[in-house]
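Visitor: Each protein sequence line maps, in turn, to chains U and C. Following the numbering used here, the numbering of the first sequence begins with 185 at its first residue and continues without gaps. Following the numbering used here, the numbering of the second sequence begins with 185 at its first residue and continues without gaps.
Incorrect hints may appear among the rest.
One copy or two, it doesn't matter: identical chains are merged, so the pair holds either way.
SDA-like cross-link-like pairs, simulated, lysine to any residue; straight-line CA separation at most 20 angstroms [what the hints assert, rightly or not]:
#1 K287 with E266
#2 K209 with F221
#3 K270 with K321
#4 K321 with A244
#5 K209 with V239
#6 K305 with T255
#7 K270 with A254
#8 K209 with A233
#9 K238 with D212
#10 K209 with K238
#11 K209 with T273
#12 K305 with T262
#13 K276 with A314
#14 K209 with G232
#15 K238 with F207
#16 K332 with A283
#17 K238 with G307
#18 K285 with A243
#19 K270 with K324
#20 K285 with F207
#21 K209 with G229
#22 K299 with Q311
#23 K238 with Q208
#24 K287 with A254
#25 K270 with D212
#26 K299 with G317
#27 K313 with G232
Hints listed in this document are in silico derivations from the structure and should not be mistaken for laboratory results.
There are 2 protein chains.
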Amino acid sequence: MKRLALALTCATLFAALPAHAQFQKPEDAIKYRKGAFTVMAAHFGRIGAMAQGKVPFDAAAAQSNAEIVATLSRLPFTAFVEGTDKGETRAKPEIWTDAAKFKEGSQAMIDAVGKLNAAAKTGNLDQIKAAFGDAGKTCKACHDNFRKE
Amino acid sequence: MKRLALALTCATLFAALPAHAQFQKPEDAIKYRKGAFTVMAAHFGRIGAMAQGKVPFDAAAAQSNAEIVATLSRLPFTAFVEGTDKGETRAKPEIWTDAAKFKEGSQAMIDAVGKLNAAAKTGNLDQIKAAFGDAGKTCKACHDNFRKE
């Protein structure tokens, strides 16, 4: 059962990942995960601007942005493959030396933006604010632990 | 009616775009659209590998990849804002000087990957191959016309 649970967790994290390698070169994987984080951060930030009252609340825009964030949240972690710790990356070695903690942190973010997505669907700004704050903490935790300055 | 049709087309293209600017700096917009294209191309390529028989056909993976491609296809075009023709970009000036043609090409790609997504849901490899080929042509058309070598 433990093995099954682990397999299911991995299947969630790497939903789009078949058995063979997804990236031809290490730099392809790095470029991909940075791209996914960039797009995710942009849409996350747009929800943040509403949550923080910097722009007027637009329920439809919040919902659309949260859906994109949720879709993208699963993607970058497929690209932290072995050999992608060098080059144009701020990835810390701990991603690979403490892989269990990294996976835990990744999953926490995926879960939190899933909740943000659910909150956005309610159209309730207070719920969105709370879920946004929680999700932001999961981003920060991984950046603090696993990303170089 | 023509104005309404145009408004609806724009609403489709820029679904996540509120009235205010989405990017603080031109380089943010460039980084964003390149990120979106990178992620989209990676997942499009994974369908291509199956369509071309380079990797075994996996219907679930094709479906998952096609869904990601369809979601991402709408995003980059929100970032071709004025003033983003310089810097780390291969965008040709024609994107802005022939904006109608660029928008038409963008929409053709969005429509074609929508059809690819529908084909992937059938699980029929022949349909996926055909839709992949059609979508690939819309990518190439815009690259030929609007992207520098």
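Visitor: Against each hint, give a clear statement of whether it holds in the structure.
Guide: Hint-by-hint comparison with the structure:
no. : hint           : result
1   : K287 with E266 : within (14 angstroms within a copy, 40 angstroms between copies)
2   : K209 with F221 : both (19 angstroms within a copy, 18 angstroms between copies)
3   : K270 with K321 : neither (27 angstroms within a copy, 35 angstroms between copies)
4   : K321 with A244 : neither (24 angstroms within a copy, 33 angstroms between copies)
5   : K209 with V239 : between (41 angstroms within a copy, 17 angstroms between copies)
6   : K305 with T255 : both (15 angstroms within a copy, 17 angstroms between copies)
7   : K270 with A254 : neither (28 angstroms within a copy, 31 angstroms between copies)
8   : K209 with A233 : between (36 angstroms within a copy, 16 angstroms between copies)
9   : K238 with D212 : between (36 angstroms within a copy, 19 angstroms between copies)
10  : K209 with K238 : between (41 angstroms within a copy, 17 angstroms between copies)
11  : K209 with T273 : within (14 angstroms within a copy, 22 angstroms between copies)
12  : K305 with T262 : neither (27 angstroms within a copy, 23 angstroms between copies)
13  : K276 with A314 : neither (30 angstroms within a copy, 43 angstroms between copies)
14  : K209 with G232 : between (35 angstroms within a copy, 18 angstroms between copies)
15  : K238 with F207 : between (39 angstroms within a copy, 14 angstroms between copies)
16  : K332 with A283 : within (16 angstroms within a copy, 40 angstroms between copies)
17  : K238 with G307 : within (18 angstroms within a copy, 45 angstroms between copies)
18  : K285 with A243 : neither (35 angstroms within a copy, 32 angstroms between copies)
19  : K270 with K324 : neither (22 angstroms within a copy, 32 angstroms between copies)
20  : K285 with F207 : neither (24 angstroms within a copy, 33 angstroms between copies)
21  : K209 with G229 : between (30 angstroms within a copy, 14 angstroms between copies)
22  : K299 with Q311 : within (10 angstroms within a copy, 35 angstroms between copies)
23  : K238 with Q208 : between (42 angstroms within a copy, 13 angstroms between copies)
24  : K287 with A254 : within (17 angstroms within a copy, 27 angstroms between copies)
25  : K270 with D212 : within (12 angstroms within a copy, 24 angstroms between copies)
26  : K299 with G317 : within (11 angstroms within a copy, 37 angstroms between copies)
27  : K313 with G232 : within (8 angstroms within a copy, 40 angstroms between copies)
Of the numbered hints given earlier, the model fails hints 3, 4, 7, 12, 13, 18, 19, 20; all others are met.
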